[in-house]
Amino acid sequence: MNDSRVPGWGRKLTVPCLECGLATHRHRTLRFDGENGYRPHARPDPLRLFGGGEPEAEAESIALIPGEYPARLFADDEVYHLAGGIAWPGPHHRDYGTARVAHDVCCPALHHTRPDTSRGAAELWRAMRLRLARRPRDGAG
Numbered sequence: 001m002n003d004s005r006v007p008g009w010g011r012k013l014t015v016p017c018l019e020c021g022l023a024t025h026r027h028r029t030l031r032f033d034g035e036n037g038y039r040p041h042a043r044p045d046p047l048r049l050f051g052g053g054e055p056e057a058e059a060e061s062i063a064l065i066p067g068e069y070p071a072r073l074f075a076d077d078e079v080y081h082l083a084g085g086i087a088w089p090g091p092h093h094r095d096y097g098t099a100r101v102a103h104d105v106c107c108p109a110l111h112h113t114r115p116d117t118s119r120g121a122a123e124l125w126r127a128m129r130l131r132l133a134r135r136p137r138d139g140a141g
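Each residue of the sequence shown is one higher than the one before, starting from 1 at the first, in the working numbering.
Worth flagging that the hints you see were computed from the coordinates, not collected in a lab.
Check each hint, because a few of them may be wrong.
[To be verified] FRET-style restraints, in silico, Cβ to Cβ:
#1 G84 x L132: 15 to 21 Å
#2 P66 x H92: 26 to 32 Å
#3 H92 x A133: 30 to 36 Å
#4 T117 x H92: 33 to 39 Å
#5 G67 x A109: 25 to 31 Å
#6 G67 x G90: 15 to 21 Å
#7 P66 x T117: 16 to 22 Å
#8 A133 x G84: 17 to 23 Å
#9 H92 x P136: 24 to 30 Å
#10 H112 x R135: 17 to 23 Å
#11 H92 x R135: 29 to 35 Å
#12 R119 x G84: 26 to 32 Å
#13 H93 x R135: 34 to 40 Å
Here a beta-carbon is modelled for each residue, glycine too, at the ideal position from N, C-alpha and C.
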């Protein structure tokens with residue numbers, strides 16, 4: 001997702017979701033121009049920097065929900081862990097059972113009905129809908 005508000009390589013920024021308006025943390029991922037760089041035994045690592053510069057390919061970013069959540073409540077493809085400013089897919093044993101959750105999993109603007117992918121996604125979806133319902137409307141006086 002290209003967004004001009006997302007900062008340079010590896011830095012976190014809290015920005016509102018473009019769909020629902022709730023706060024998200026944007027992190028760089030291992031995806032470069034649509035190709036996943038997380039292939040330990042494939043060709044040379046695209047994440048290695050030469051000469052102190054940034055990679056030539058544009059890195060994608062992912063919107064994560066602020067905070068950490070119990071990883072056991074979510075599907076493996078819904079959770080990420082942070083290492084070196086990069087959002088890595090899946091849970092990690094050093095996170096001690098907690099994980100970061102992708103915002104798209106339970107964004108109320110993207111999912112009009114309760115998601116059934118995991119118990120955690122359904123509970124977060126409900127909480128986010130309640131937060132949106134309690135938010136003051138623009139122009140209300």
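Comparing the hints with the structure gives:
no.	hint	result
1	G84 x L132: 15 to 21 Å	violated, 33 Å
2	P66 x H92: 26 to 32 Å	violated, 19 Å
3	H92 x A133: 30 to 36 Å	holds, 34 Å
4	T117 x H92: 33 to 39 Å	violated, 20 Å
5	G67 x A109: 25 to 31 Å	violated, 20 Å
6	G67 x G90: 15 to 21 Å	holds, 18 Å
7	P66 x T117: 16 to 22 Å	holds, 20 Å
8	A133 x G84: 17 to 23 Å	violated, 38 Å
9	H92 x P136: 24 to 30 Å	violated, 38 Å
10	H112 x R135: 17 to 23 Å	holds, 18 Å
11	H92 x R135: 29 to 35 Å	holds, 33 Å
12	R119 x G84: 26 to 32 Å	holds, 30 Å
13	H93 x R135: 34 to 40 Å	holds, 37 Å
Hint compliance for this structure: hints 1, 2, 4, 5, 8 and 9 are not met, and every other hint is.
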